[in-house]
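K.L.:
Respectively, the protein sequence lines represent chains A and B.
All letters in the first sequence, in the order written, are residues 1 to 470 by our numbering.
All letters in the second sequence, in the order written, are residues 1 to 244 by our numbering.
These are calculated hints, taken from the structure and not from any lab test.
In this text the structure is predicted, and so the values were computed from the model without any measurement.
Don't take each hint at face value.
[Stated by the list, open to error] Partial selection, computed: residues in chain A whose CB lies under 10 Å from chain B: (1) N320; (2) S343; (3) C361.
By construction, the Cβ of each residue, glycine as well, lies at the ideal position given by its N, Cα and C atoms.
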Amino acid sequence: MSLFGNLKEEKSNYIITQNQAIVGDINYLLHLLEPIFDIKRFYDGVEIDTYYLSLLVFDRLISDTFYGGSLRSDIIFMLQDEISHIYNLENDKSEEIAKEILDGLNNSTNKQESFKATYYDTKEKIIKKLDFRLIKYVEVGDKFYYQITDEGFMLFKIELEKDPTLALELKNYAISRLIDNKNYYRAAVEIKKNINFIMEYLNILENEIRTIYKDIYSYDPNKVFFTKFENFKVYLGKPKSELIELARKIDNALYDKQISDENKIKLKDLKENYDIYSHLMSKLSDKITEYFDEYNNKMSLKNNKLFLQKELKLNDYSKNLELFLEFFDKDSDFIDEYCLGFSGLNTPKIYNPFFLIQQLCDELDNVVTIELKSVKNIQAYKTNPNFYSNEELDFAEQYLNETINNEIDIVSLILKAKDDGLDERMIKLLYLLAQDLCTQKDKRLTITKLKSKLNDEFFCGDNYKIRRDL
Amino acid sequence: MSSSIYLNECGILLQKVLDKKHPSNDKEYQELLNKLNYNQDFEEIFKNYISSLKLQIIPSQTELILVPSDAKSPYYMGYSEYSSRLDKLKDKDLGDYIHKKAILLMIHLSIIASFYPSESIILNEFDIARTTTISDIANILLKKANFIKEEYQGQDFANTIASLIINMPHKNDNEDSQRKSLNIEYLYEFIEVVLNHLVEEKFLSKEKDSDKYIIKDKYKSLMKYHLDDILIKKFIKYQGRKNV
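Please model the entire structure based on the sequences and the hints provided.
P.N.:
This is how it looks when you write it as structure tokens:
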């Protein structure tokens, strides 16, 4: 799953036009770099390269010109901004450093300044280093551009897949640039991609939360996704100035009189998509919080269990009781965990024959019910003299309304039967027949839900359960 | 913590129950049991403790009966623990796994029926049969199986179980010489395994030099306690609404 997945082909074509040999190299690199990949940054602790690269990448991704790249002056300005922000430097000083970085990168003979990547060679099974350049310098007329190199682009792509929040951040930036360039159609397309991207993450999160609920003790999060969720959490925790900026730009454009009507329609589409996008972002934020709350909460229970498993002793009752009291003071819901703590110990079992009977009955009940569920129509009841008399069945058949389609119909049928003064035995039969009718029509009918509904309404809890086996 | 003084005693009392001791021949147990009855603090702590292990006390005059209150208790014995006891039975003629369970259920119910011959007697302790034998139980079981076979003709599962029981080789099967020569007293064996386990767990005792099994207070107390949830609903249903 990647925001940039579909750009791969686009990218390959581009490379082919430039340098066929690199395609092979990059493919080889991509293959090699998969297991372990680590970017060594140019300057310690500086996020510059990321920002800087992002600018280049996006200019290249969204550029409509062949020389897609960033103007040297733009990049120096941006770098300068970053550097002065990070090191608290004067503008002059930071500008100087920014220029130095760019010149260093641009100097093809200076290998020390080139980009270094370490990777694990799966064939030779050793760690290797690679030197290659991330950007190149292009001069068109009287303008100077920087472009990201093909290797740089691929490496960056790998980084982005590791951290989707970076991808999102860059996308937002790209969209903002597209709006600046009045390319509203393309901006809307990009926002739609973001929407799909977030939807996918929402689905994954939903599944993960469900898995946690199901069984925390066997829950083992997928490490790759877990890191991504953590990144998201940090990312979503920060204020989203670029999103606010986006909204502002869209609004401004909407009220801009100079923009043509045709563009206004595109803008409206963009605005709608933006609303969905920002809504989904906040939803994602909630889901991530929910996930981590759930995860941490359950993990503490899991840790309690592991702790107890270590501490509880088979025959040391006083110690076990002490542990219980200690935990119970903290958390009264912890009895389940306490009991689970014994799971590793070979505790003696206390036999209660009546419980065994109960357990067996319950299991056999299911067997019987499953067998009987294949009985699908009134004929089956008719042929079995132990269930109902033919008169009763005929009556029920006439009474039954053919328009029964869902559980609401069943409930109203039973209500009507109650009003008509039919006895419980007959109501039970009607219920069974109606249920069969429904199941024939609609497989999704939730019988359990219906049962509890009916039980609540007529049969006052457990005293009288509707059953098939009479 | 004030409760800490009782920690040790609580542990010992639980240990006594788990070791299947009886207060009548264990002085310490008797003393602790008295304490449980007369010392409220002790009672409270003990109850708190056993509920933490998901155990509950079954009312009884003579001893302390603890049973798991649900399947999450570390002391709970379900079918999976029980099934190892059935492993020694040769699995002939038993069909599916679920059939074995059904027969096990029928045997348990027949044991109940052999002590409590009619529904009304359940509430009246004086009319409870004091002893039972394997052949008594086998007879009830066969009678029940025959009844099911007649009454539930349309139902495959019940029928299969009934046929399995009826066709299972047993002691009184004189007519079939081939079976007798094989000397598989399968049904009897099955019942015996169940009964012996009940003896082990002190629900029943076996009379010396006789084939009689005697019902003990523990079984009666549990029976009384589970009257509502088991007997009325299930027992009658599986017996086919007739007293055996």
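K.L.:
N320 of chain A was flagged as interface toward chain B. Is the shortest Cβ-Cβ separation under 10 Å?
P.N.:
At about 8 Å, which falls below the 10 Å cut-off, the nearest Cβ of chain B leaves the hint on N320 of chain A intact, so it holds.
K.L.:
Please verify that hint: S343 of chain A, Cβ, nearest Cβ of chain B, below 10 Å or not.
P.N.:
holds, 7 Å
K.L.:
Tell me if the interface restraint on C361 of chain A is satisfied: Cβ within less than 10 Å of some Cβ in chain B.
P.N.:
Hint holds; C361 of chain A Cβ to chain B Cβ min 5 Å, cut 10 Å.
In summary, this structure violates none of the numbered hints.
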